[in-house]
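Asks: Given the coordinates of chain A, assemble chain B onto it according to the supplied hints.
2 protein chains.
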Amino acid sequence: MKKIAIDLMGGDFAPAKIVAGALAFAKDNPDVELYLVGIEKNFKEISLPSNCRKVVVEDYLPMDVKPTEAIRRKNSTMYQSCKLVRDNVVDAVVSAGNTGALLACATFVVGRIKGIERPTLAVPIPTKDGFCILADAGANIDVKPFTLLQFAIMGVEYAKFMGIKNPKVGLLNVGTEENKGTKKEQEAFRLLREKFGESFKGNIEGNDINMGKVDVVVADGFHGNIAMKTMEGSAKLIIEILKSNIKKNVISALGALLMKPVFNKLKEKLDPRKYGGTFFVGVNGIVVKAHGNSDEVAIYHALKVAKQGIEISLTSKIEEAIKDVWNSRDSGN
Amino acid sequence: MKKIAIDLMGGDFAPAKIVAGALAFAKDNPDVELYLVGIEKNFKEISLPSNCRKVVVEDYLPMDVKPTEAIRRKNSTMYQSCKLVRDNVVDAVVSAGNTGALLACATFVVGRIKGIERPTLAVPIPTKDGFCILADAGANIDVKPFTLLQFAIMGVEYAKFMGIKNPKVGLLNVGTEENKGTKKEQEAFRLLREKFGESFKGNIEGNDINMGKVDVVVADGFHGNIAMKTMEGSAKLIIEILKSNIKKNVISALGALLMKPVFNKLKEKLDPRKYGGTFFVGVNGIVVKAHGNSDEVAIYHALKVAKQGIEISLTSKIEEAIKDVWNSRDSGN
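For the record, the sequence lines run as chains A and B. Heads up: the first sequence at position 22 corresponds to 22 in the working numbering, and the numbers run straight through without jumps. Heads up: the second sequence at position 32 corresponds to 32 in the working numbering, and the numbers run straight through without jumps.
In short, the hints are calculated from the structure, not lab data. Among the hints, a few may not be true.
The list treats identical chains as interchangeable, and a pair is accepted whether it falls inside one copy or across any two copies.
To be verified - In silico DSBU-like links for lysine-lysine, alpha-carbon gap of 35 angstroms or less:
id : residue 1 : residue 2
1  : 243       : 265
2  : 248       : 160
3  : 165       : 247
4  : 243       : 165
5  : 180       : 83
6  : 269       : 248
7  : 248       : 165
8  : 184       : 3
9  : 114       : 265
10 : 243       : 213
Here chain A stands alone, though its shape is the one from the complex (with noise of 0.2 angstroms):
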């Protein structure tokens, strides 16, 4: 029986989505056994189904905690929840609290699988055809070119695990030739054309993204959150452009009636819901980032995910991946 762990108190609409989603996902999978992390009152007047087991601690973390801190509060609901992976109680452990903060718990008390520097957190992002694996999406803002190599391995992984065969990976730049960006990027170009020869596409720059140019966009924390954050906000920006105008006039807002399907198309394409959570990949067990403000449905996605990872051995899939190219690299030098 596959067992996950789903901390109770982490996100902006905690407890009461997490428990929906947790207990409509134990429903509806009644091969997981289900532990619920939380404090005493979340479990007043919730009757558990069998395949839920209750966790009972004593402190939770604000959103806005310190990673520092998360480390510290030890009867924490997202510690203890990432202690039950490091015990081998569970395989999995979902948490839609804060970003810094599971890093930190997933890093230090669940472990980074051996060889590996910094886990990764690897996002799926919507191109024009499906999507893309952005690693890494702001877990590690200031890395070597080594890393930026290992964040694209675990990328390649990840792609495959969502069903991408033969990922194409591309180094996110300022713009396409060999010799572009920083000494950072420049070595980083060299390394990934060694270890991925045809299947680097070389650089490629901001608006390459979205277009699907390549299924692996490798990046530094800071860069991939820049990317990652900034396609948020353009789209929330047409999208108010849109219906401010839309407002205006009688005839537009019909044709946005009609258009209706479309929009939903849209909405649904653009829903980081979809993807439910990302996972921090490299770390010695599977951690999954739920969107901070998960519902009951990104919840439920997200332990989904949390399921399928298990399921496909993502962890020792990476371990293996990362074991060849320390080999490679030990024997060439």
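Replies: Same frame as chain A, but now just chain B:
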């Protein structure tokens, strides 16, 4: 009489569209004398209006030219256009050629304003209620905290030139808290707060840019370039999703037809041509970079921007603003 040089051989659609835009502008602006800098064959079969002058040179730069090469090829249309500014023959220059090459010519041929470490490419970006200025948008990819302060000062003067009173300033970062980012951003945060006081709104994130949280977004050229280009890609993705789904269904197509004025509004709002051209701010003269894919409308607007720059004496305004900082810095040390 205001005098402007235009590089006829810069841009993807040079020379035809550049010539067309220049002639249209000359016709509407009899108070401007236009120096058309081109190669011999550009002037065949065109008759120049009385306020146009022909400047024939021997060389021109390809769009993928390296900055170092741009400086070496002294007989190119771009180099010679910039030289006309340096020699005070004209008051401003417009080119749609390669960005790096033009920056190099602006910096080394026209020269920098005293005290300016690096000129910045300051670009207007659409927001909910208007636009904001992004400085730097890709001219300088690796800079020091003090250079970011200079970008901010130049961005503020540019925002004022564009009609924004009391511009609010923000630093592009990976989170809003003061301690976010690398040491560079943390130090820049301190310098910006010291200089701008209440007008400095602290760190902003990628999604805040298009929402218009601030009027001047300060960033190094790497971050600025990623943000600007990612926006382009996102807008393109959304428009493509809408288009492809509209085609699938007659009712949606009818809806789209009724919504045409709304889509036109959107297009206008996102159209980079509207802003025409952008200054390399910090150069000791007015150098306007038009978009590489400028058509005649874009060139017309870029020339208009150059003319406005002359009218408000943008260069001396920047010079004054920078002098202030240096004075306060010197007295502080």
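Asks: If a hint holds in the structure, say so; if it does not, say that too.
Replies: Taking the hints in turn, this is what the structure says about them:
no. : hint      : in the structure
1   : 243 - 265 : both (16 angstroms within a copy, 11 angstroms between copies)
2   : 248 - 160 : between (46 angstroms within a copy, 30 angstroms between copies)
3   : 165 - 247 : between (44 angstroms within a copy, 29 angstroms between copies)
4   : 243 - 165 : between (38 angstroms within a copy, 28 angstroms between copies)
5   : 180 - 83  : between (43 angstroms within a copy, 28 angstroms between copies)
6   : 269 - 248 : both (27 angstroms within a copy, 16 angstroms between copies)
7   : 248 - 165 : between (47 angstroms within a copy, 28 angstroms between copies)
8   : 184 - 3   : neither (41 angstroms within a copy, 43 angstroms between copies)
9   : 114 - 265 : neither (42 angstroms within a copy, 54 angstroms between copies)
10  : 243 - 213 : both (30 angstroms within a copy, 20 angstroms between copies)
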